Amino acid sequence: MLLPDKYRIAILSAYALALHGFEAILPSPIPWLRLGLANIITLTALLLFGFRVALMITINRIILGSLFIGTFLGPSFILSFGGGVCATCAMGVVLAANKKIFGPVGLSLIGALFHNAAQLFLAYGLFIQRIEAVLFISPIIILLGTLTGLVNGIVAGILIKNLLKKKPESLHNVAQA
Amino acid sequence: MDSRENYHLKTELRNTTIADRMLLLFLIIASIFGMFYTREALSQGSEVIIEVSGKAVFSASLFTDREVLIEGSQGHAVIEISNGRVRMKKAECKNHICMSQGWITRGTILCLPNSVAIIAGNGMKKDLDAITG
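Residue numbers (the numbering used here), protein chains in the order written: chain R, 1 to 177; chain E, 1 to 133.
Only chain R is shown next, with the shape it has when bound in the complex:
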């Protein structure tokens, strides 16, 4: 791992953590609905600096975030961790398979889908064990996740384009990534 990558991981983790914390204090009409704003940072990192940086940021964000909120190693931490890592891996795999077919919006949708799928799977395996309850809630969660994923993907796309335009020299290893 290059030294600039370490700085990037640190600063992008801080951004992700700030969004994660900001999201936690936002009032939400449905308690379990989360916007997944931190995924904007993960997606930006994935597209600009590669899969390893994005995965490190996700892990840092979830561990530190849960330490601050006080859910470390609790059930919601396990769900969050599984969902976050699964989403990042899915986006990484799709991006590695084909760089052209999906833009930021499509990748964000894939991330949201896998995040929710992993959470539902973990929730079923570890906590709920009532398949009808999980099946009942799945389409609703996936629909809401698709909508938040769409918004996050658009924001990440705008962010990436503006970053590339304004500071191309500071992103010099983008071409290698």
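A few of these clues could be false.
Straight line, CA to CA, 25 angstroms or less: simulated BS3-like cross-link-like pairs of lysine-lysine [claimed, not checked]:
| # | chain 1 | residue 1 | chain 2 | residue 2 |
| --- | --- | --- | --- | --- |
| 1 | R | Lys100 | E | Lys55 |
| 2 | R | Lys161 | R | Lys6 |
| 3 | E | Lys10 | R | Lys165 |
| 4 | R | Lys100 | R | Lys161 |
| 5 | R | Lys161 | E | Lys10 |
| 6 | E | Lys10 | R | Lys99 |
| 7 | E | Lys10 | R | Lys166 |
| 8 | R | Lys166 | R | Lys99 |
| 9 | R | Lys100 | R | Lys166 |
These aren't lab readings, by the way, just hints derived from the structure by calculation.
Only a predicted model underlies this, so the values are computations on that prediction, with no experimental measurement involved.
Using the hints, position chain E against chain R.
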């Protein structure tokens, strides 16, 4: 830098690939379809519970046709389950409100004089277990 040179929502939406749009459309359609499908499938898997004085004495699927004879607090009650519906067929109570309620697929038939309750289509509990962070 002039803000007009920056990328905005419109440009970003225009720059989505065909695969992006297909995926979005597919996810939305699949989840809306899934919502209806699970609702349908769950109501089919529902069952009927018969309680006498608050205690469950009988439970069965709504999709096995049968007649059940229940001993209520005042007398017999005959409950008929047929084709996903349930009704109070005969009841030894005064006013027969329970019988006049007819067939139901979900909900409750109560016969207060006889202390018999027929509860159909087990209601899903959607309690909050945890909020993920």
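Hint by hint, here is what the structure shows:
1. Lys100(R) with Lys55(E): At roughly 63 angstroms apart (the allowed maximum being 25 angstroms), Lys55(E) and Lys100(R) break the hint.
2. Lys161(R) with Lys6(R): 22 angstroms, holds
3. Lys10(E) with Lys165(R): 17 angstroms, holds
4. Lys100(R) with Lys161(R): 16 angstroms, holds
5. Lys161(R) with Lys10(E): Given pair Lys161(R), Lys10(E) holds - Cα atoms ~13 angstroms apart, limit 25 angstroms.
6. Lys10(E) with Lys99(R): 22 angstroms, holds
7. Lys10(E) with Lys166(R): Roughly 19 angstroms separates the two Cα atoms, so the pair holds.
8. Lys166(R) with Lys99(R): 23 angstroms, holds
9. Lys100(R) with Lys166(R): 23 angstroms, holds
Consistency with the previously given hints fails for number 1 only.
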